[in-house]
Amino acid sequence: MRIDVLLFASLKDEVGPSMPVELTEPATVADLRRALEAAHPAFGRFGRRAMVAVNEAYAREGDPVRSGDAVALLPPVAGG
Amino acid sequence: MRIDVLLFASLKDEVGPSMPVELTEPATVADLRRALEAAHPAFGRFGRRAMVAVNEAYAREGDPVRSGDAVALLPPVAGG
Amino acid sequence: MPFLTDRPIDPASLFEAVRRPSDGGIALFVGVVRDRNDGRTVTRLDYEAYGPMAEKEMAKIAEELSVSHPESNLLMRHRVGSLSVGEVAVVVVASAPHRDQAFAACRDGIERIKARVPIWKREHGTHGAAWV
Amino acid sequence: MPFLTDRPIDPASLFEAVRRPSDGGIALFVGVVRDRNDGRTVTRLDYEAYGPMAEKEMAKIAEELSVSHPESNLLMRHRVGSLSVGEVAVVVVASAPHRDQAFAACRDGIERIKARVPIWKREHGTHGAAWV
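Residue numbers (my numbering), protein chains in the order written: chain A, 1 to 80; chain B, 81 to 160; chain C, 161 to 292; chain D, 293 to 424.
Please note that the accuracy of each hint is not assured.
[Stated by the list, open to error] In silico DSS-like links for lysine-lysine, alpha-carbon gap of 25 Å or less:
# : chain 1 : residue 1 : chain 2 : residue 2
1 : A       : Lys12     : D       : Lys406
2 : D       : Lys348    : A       : Lys12
3 : C       : Lys220    : C       : Lys274
4 : C       : Lys274    : B       : Lys92
5 : B       : Lys92     : C       : Lys216
6 : D       : Lys406    : D       : Lys352
Worth flagging that the hints you see were computed from the coordinates, not collected in a lab.
With the rest of the complex left out, here is chain A (with noise of 0.2 Å):
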């Protein structure tokens, strides 16, 4: 399945507003960040400090990936 992953921030400026990946079915939060750390540099700098979203909420590793979820791969975050 294709998954566009939504970016901000720096990771925006640096790569655009998103980013294709692709992942086989069933697919996970970790496979996720696999497949984005394989496609450009720019996801790995943050690490894990990195969180990622599926629909809208905070993910976990091992929480799942399905074909038309939302997701996103935030930078740390710097509000207030």
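Model the placement of chains B, C and D on the given structure of chain A, informed by the hints.
Relative to chain A, chains B, C and D alone:
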């Protein structure tokens, strides 16, 4: 010496805006308390929770009270 | 500017007055008259101060906080007179580069005011009136 | 009312909106853009949010705080867009019967916002521009 002790809140309602006491020099805050407690039962009501102010600052039991000092007996404060 | 006032206190004006361009966080505490106390209905509070000493004590608190919280800029104001439910009785506002500093100074300020400043209040309500 | 806004935030209006007649204490935290950061001169911050998730995360925080601080009423708002020095970026205001409750909820609110809400800022200054 005569000291007119300023009163506030419930003490002022009950006794008036000030209470004259007669003290023998040299006198301390503790002497002043004893004179007040002898003068009116209202003055013992708060015990040591009523603080004595000398010249608009909190005074301790051993601090001197001198002729001409501004002296006040303060019920427990309740600002805010 | 005196610390005590018999006019309504506007927290927003103290907020504007306290902050400096280098401050990233401003913490405010606003104490207001509430409509109940220990189960009693409250309609009004009369605040009485030993004015000259209250001013001096608040000045001491401001001085102490400038030493213990040197990064913070602090303003405090306390109302006196007869206040209705919802009226502002006290404002403490602390501005600092970082929020930890602002919160700490603000909290310390209101605690010291409540512990030390010679102000009293008479509560009016359905049960009559009493100093509390 | 959404938690994010691209319009200036007025802390005073949130103060008026949060308080209830039974509340005696209101604690506010206001985060503003300051003119320096880690030794750099700052002229502007651009706040970018993952909007839909930021709204959901702030709603979760509000719900969590209504459970952990049941006596407090809480309002929060965060600005997005390009902000000059001194402009308000975030406001958290908590109102409660007693000040301990108001301070605790206010502090907890800003800490959770800063830890979890997907918002980023790009700093502009004499050194150029960078995400911080």
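Each hint, compared with the structure:
no., hint, verdict
1, A:Lys12 <-> D:Lys406, "holds (21 Å)"
2, D:Lys348 <-> A:Lys12, "holds (21 Å)"
3, C:Lys220 <-> C:Lys274, "holds (14 Å)"
4, C:Lys274 <-> B:Lys92, "holds (21 Å)"
5, B:Lys92 <-> C:Lys216, "holds (21 Å)"
6, D:Lys406 <-> D:Lys352, "holds (14 Å)"
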